[in-house]
Amino acid sequence: MFGWFTFVLVVVVGLWLYAIRRAPEPVSKARARQVQNRWILWGGLVLPITSMAVILAFGVPAGHQMLPLPPAEGKALRINVTAHQWWWEVQYPDSGIQLKDELHVPAGVPLDLHLTSADVIHSFWVPRLGGKLDMLPGRTNVLRLQADEPGTYRGQCAEFCGTHHAHMKFTVTAYSPEDYQAWLREETVND
Amino acid sequence: MTPSPFHPINLVLGLIIWALWFVLLYGGLSIGCAFAPPDAGDGAWTWINAASLVVALMVTGYLLTCAYACWKASSPSSAAKAQPLNTFISKTSAAVYLVSAVASLMLVLPGVRLPPCV
Amino acid sequence: MTNLSEEANCKREAQLEHVWGNLPGWGALAAVNHTSIGFRFMATGMIFFLIGGVLAMLIRTQLAMPEQEIIEASLYNQIFTMHGTVMMFLFAIPVLEGVAMYLVPKMIGTRDLVFPRLSALGYYCYLFGGVIILSSLVLEVAPDAGWFMYTPLSSNTYSPGPGSDFWLLGITFVEISAISAGVELVVSILRTRANGMALNKMPIFCWYILAMALMIVFGFPPLILGSVLLELERAVGFVFFETSGGGDPLLWQHLFWMFGHPEVYIIFLPAAGIVSTLIPVFARQPLVGYRWVVLGIITMGFVSFGLWVHHMFTVGIPQLAQAFFSIASMLVAVPTGIQIFAWLATLWQGKVVFHLPMLWIVGFLVVFVCGGLTGVMLALVPFNWQVHDTHFVVAHLHYVLVGGMLFPLIAGFYYWLPHVSGRMPSDKMGRWGFWLFFGGFNTTFLLMHLTGLLGMPRRVYTYEAGLGWDWLNLISSIGGFIMAIGVAVIIVDIVLHFRFGRRAEQNPWGADTLEWAIPMPVNAYNFSSMPDITTRHPMWENPELVESIAAGEHGLAEVQSLRRDIYGSDAVTGKVREVVHLPTNSWLPLMTATVLAVVCVSLLIKAYLIALAAAAVALVLVLRWSWENGAHPRAAPVGTNDPVDPPLHSRTCDGPGLWGMVVSLMANGTLYVSLLFGWFYLWTAAPQWSTPETSPLALIPLAASGILLTLAVMIYHGAVSRLRKRNAGSLGLRLWLASAIGFTHWCLLAWVLQTSSLQPTELAHDAVLTVALYYLLLHSGLAMIFTVLQALRVQRGYVGSSLPYEPIVIQPFWVYTLGVFWLSFAMFLLLPMAWGAP
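Residue numbers (the working numbering), protein chains in the order written: chain A, 1 to 191; chain B, 1001 to 1118; chain C, 2001 to 2838.
Hints listed in this document are in silico derivations from the structure and should not be mistaken for laboratory results.
Don't take each hint at face value.
Lysine-lysine pairs mimicking DSS-like chemistry, simulated, CA-CA at most 30 Å apart [unchecked claim]:
1) B:Lys1072 with A:Lys29
2) B:Lys1091 with C:Lys2575
3) B:Lys1091 with B:Lys1072
So that you can see chain A by itself, here it is in the shape it has in the complex (with noise of 0.2 Å):
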């Protein structure tokens, strides 16, 4: 996408510059109109159309894989999360784990994140794992990640939320299957 990008504009203002240096030969009328409807044609209309319809092709249906449609095989793994001014509060509905500003998750498994803000708006985003989502006060938006890798991945606040929105931050942790058993585990024994 960016390569094809940089190339129009680099052609573009390549024959502006051509365009502006050329000093043409006077021509007839008809052919005047002619030359002129073939650019507008041509760059005005087709080559937007085209790009669009490129774009477009590619762009729906990755959009169709982050719905939170039931995947294909499992079930996913469901998390809440609320935010508040200025941190994050973390559930596993199924375990009844309490968290704040961490999420431990396996990797590999698909992940549905209930968001919701118990003040103003807020966004979860993990840049390392996909697009971000608002949390909005009243309403519960469900987000789809997945984790392909253990590790350790940075999160943070994407809507402006207040003061102190540039240290609203968390950590995804993800782990193997067996490593996520075995932090469950001790979770709850914690408990």
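Since chain A is already given, all that's left is putting chains B and C on it; use the hints.
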């Protein structure tokens, strides 16, 4: 009631229809999903998507007829009214109708692939 | 003989100058002339630009290094909020309005805009509103919830200080100026073009401005409504955006972006108009594809209203609905593409003369196309989810706004400088300024795309070291300062040129449009006589216009009865239909704006009684203003030598005032439709929407009051129909009767409101109903007062069978009031009942 192809209202009428269609589509989708949501598992082939596709085809067809009427009125054969101002209005209007027709159809294209309410 | 006629011509022009000029000394504050007002808009806007720029420098200083503590969080939040607010509301829109106000009458061959006092009022509202908003920064209570003020962050609970109030009240005040400029430009372009300037002969710039002005008319009301509702929520606790009472914070986002996205195009269109004007001049070749470009302008004007939701892709809207907006957002690329390639084809076919303005145009192209392409990427939903609210968006919006607005604007400044000063700008220093600015801009923002892709969110006052953002931010900050130096060079260049610039000859760039037929530097009345224009390129095809206009060989060369006269023409063909007499210098705009500023400030300090009193005074002033119209001695009293063919507009049944009324009602109607939208939106989407057990309003008295209103409108309508046939028999009586019935209706409606069980502070349902009722009361009250004034004018002899104009102007207002009443009755009361709600 169709205005004369040389009336300046044609310059905006096509896009007004497009805008109304857009509002209807967005509003209809919201209300449809609020009161009779199809199951998310059904995928794209739901009554909401089908209805929007049918209406889109109707709107597009109407706009294309308008575009054709304006275009024909501006052709040299109907030279009786071929003053530059009239030609300007009818030709530009024809293009506006055409753009509106394409735009109206394009709006529903994602409905071929996406389920309506999630 | 020639000497004598030259002397006579000098005398003639001196009289024109006397009639059209501003008052001397402090009297300049009473000026209504479009040249003066246009200048004031531009100069004030540039000062706000510098203030906004200083705020930007503070932001870049803070972000230059990680974990800096130069500016603490709460101040930083105020600074970035104010940077956005100042640049969008106090710089971009007003400056472009100023450019349009200055240029449009000159391009369409007339002497002033059609509602001169409105121009002046708009300017003062802008100035006072801007000062009020900025004063919050000095008082250190500036708004700090971001320039789009999302609730609930901007609500009373989370922003208890007066910051948000400053924003809401100040911006609404400033928007009076935008809407008044919008109305005035629409009517001027449609109704006062030079004789023979049909739609297809209009300079392309005027098409752009026409589209921009109409977009202002339809685009600003949603924000005004949103601001009013939010201020009501903050000030008296009405529920609109609070979920607990059935409100929804997303309603604010919808209302804001219904304004906010068209606004980007409101800014872009006039700037593109500058590009479309300059390129043909420097290519020595008419603009290629005039019709195509008009198509592009019209399409852009409409489509840009269909993409507001793309600012809200991450709030959890169904994906199919998002896809509509995604497609509409991409569709905008088509009209943009048409324009870019029309410009390209123009350059392709012409022999380009490269001057300083062209350099800025090329800069515009590079920066804007880049911004446009990232815009198409952002329209793609999944990509948007990733980079929304990151520095990628910051980079994108600066590319679009600076590229799409500031570059063409500066090109335009350099291009029209000789027109203003009679001197040429310096090529050398101008080039320095350009390269510093262009280089600095790209250094700042090009890499910022990457910063965003690496995950840096926007609106953070600091960031941790070691995330890969450090060097990018440092470079951006350095670039920012280079850009600032560039701005300084440009300003010095422009200031110096007034003193040292080379004298410009007439039409120095070899332009084709009519503004260059005016002597330079510009005079107060533009055209010493008003020529017929039947070509798109008058100065290329009839360069002798310069002399013939000055010699008074065309229309309206002589001043009549010390009136400011211009031609009013047919909206489509441009044929002259009437002589429009314009008001002269007046203190009323300044006085009205001052009183409105008192309203604004007293609302801020919560002195509601003073606010109410001041609002009443403002109404009186505006009514006084309307009183000095038509046959009033200060306007155009009936005389023996009144022109007959064409007649004075106040003696006809159709004039610019009627058009102004209709266009204002379009804006007003948009406001009302936004309220309806809010009603349906909350009803269907608010998570905790609830309705009261029993209907809070007494339906039968309400319907009765509606019938009274219908009766009043019928009587008024009958009076006007007879008046159109020049029958003024018992006119006064009918007008009195209509006002009396209107008054009864008003009292009944007020009684219904008074005795209702509405609980606007508990339920969003009741809050919306209350606002709707006050809206109706306001309208029928105004209609009644207007009609009483008309009845009085009949007694004074200002309205009558030969002076039918004014009651006709007011008629649409009555019809609108009636329509809104019954529509509200149906939508707010009957429909919910039919749906099963009480």
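Outcome of the hint check:
Taking the CA atoms of Lys1072 (chain B) and Lys29 (chain A), the gap is about 24 Å. The hint holds against a cut of 30 Å. Restraint check for Lys1091 (chain B) and Lys2575 (chain C): the C-alpha separation of about 22 Å stays at or below 30 Å, so the hint holds. For the proposed pair Lys1091 (chain B) and Lys1072 (chain B), the alpha carbon gap of about 9 Å is at most 30 Å, so the pair holds.
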